[in-house]
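With the hints as a guide, dock the two chains, each given alone in a separate frame, to form the complex.
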Amino acid sequence: MITDILIAFLLLGGSAFALVAALGIVRLPDFYMRMHAATKASAFGLVLIFAGAALYFGDLLVLLEILLIVFFVYVTAPIAAHLIGRAAYHMNVPLWEETQVDELRPRIEESEAEIESGNASAAAAPDDPAD
Amino acid sequence: MLLFIPHIVEIAGSASMGMLLLAVALATWRLLRGPDLADRVVALEMITLLLIALIGVYAVRTGIDAVLPVAIVIGLIAFLGTVAFARYLMRRKA
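Protein chains in written order, with this note's numbering: chain A, 1 to 131; chain B, 1001 to 1094.
So here's chain B without its partners, still in its complex pose (with noise of 0.2 Å):
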């Protein structure tokens, strides 16, 4: 159990790396089975979330702080994109 110890932050970082991938993975099923249109955008919003922490953990695994700032650019692009689905949905509805 000790022995773990000095490398518990790789461990956790792979560990925490394996998860999200495989809420990515989940969620891209959503993305692909809808049913609504609606469903898609909420899954492409949260795969976008997903993408943000999985840069957080691989700046942790690799101790590269420079992919930080990429974070905050998919944010920003992230929440335009749905803004923009958001008024297009309200559009094609009227």
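Isolated chain A, as found in the complex (with noise of 0.2 Å):
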């Protein structure tokens, strides 16, 4: 009785982050934003669900099963999420026009002209011993 309420809350609860997360990825302005609430809210709310199945089926082997599954998602989900993000940094994808901070414009550059003035310097010396 108390576990099937547990069962019912977690799966309820875990539908409503996944349902908050699609509010985020529709409403919010930019694409990073977008990307923030689509991984780790509807992340936390499969795992939620899961933890609903687990209790549900109350079996080692199935246990074992969403052990297996929550893990992968949880390694994933952040790996994936950081590769497109990163992706879409290099791609020039519009920040919100109110972004404050952006830290990692300046170390770009910065990465950028030690690379350009590598190869000048490589250029100007032919024939360096180095190469």
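Be a bit skeptical, because a hint or two may be false.
[To be verified] Covered stretches of chain A, going by a simulated chain B footprint (3 or more residues, C-beta under 8 Å):
#, stretch
1, 4 to 14
2, 21 to 33
3, 40 to 52
4, 56 to 68
5, 72 to 84
By construction, these hints were calculated from the structure, which means they are not laboratory data.
Glycine is no exception: its CB is placed at the ideal position from the N, C-alpha and C atoms.
Right under this line is the structure:
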């Protein structure tokens, strides 16, 4: 009885998180915020739903399968989000116009300038003993 | 109120399936609308996460636990797909 109520609560809570994530992906103003809503909130909702499923089945083998699913999603979702965010930033997907701080831009410009000067000195000294 | 309690898992399962389907519909809207390719990739990734959650709810709703390995496989494929898309985006920019 108590378990049933807990299962129902976990299922509804997990879907509520997923629904909020979906609202976020529709309503938030720029790509990076949408990515943040989509990956974090829906991964957490998924964990709640599978916790409910584990309680419902109450079986060790099913619990192991569910742990595998949850572990896998929790390992891969942040990596995938990081890769997509990085690719999008390098593609110059625009930030929200009211963004206050962008810490990545000066670092990219710095490293690009370093590469540029490295290439320039290599071109200026073709018989450099280093290569 | 007490009449609901014997069927509370069934009711909650149906309700959360409805909420997840609504979430899939909203994510599909973002998938169609864009405006950037990266937005579409994120929407697609979110749809697969929601699909995995739907499989969990389906397992509870029907009592069939044999569908759970499907969730593992979908998770694996979704991760590989997203990584491939990210690499493609990086390469296209260069």
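Evaluated hints:
no. : hint     : in the structure
1   : 4 to 14  : holds (count 8)
2   : 21 to 33 : holds (count 6)
3   : 40 to 52 : holds (count 7)
4   : 56 to 68 : holds (count 7)
5   : 72 to 84 : holds (count 9)
Every hint from the earlier list agrees with this structure, and none is contradicted.
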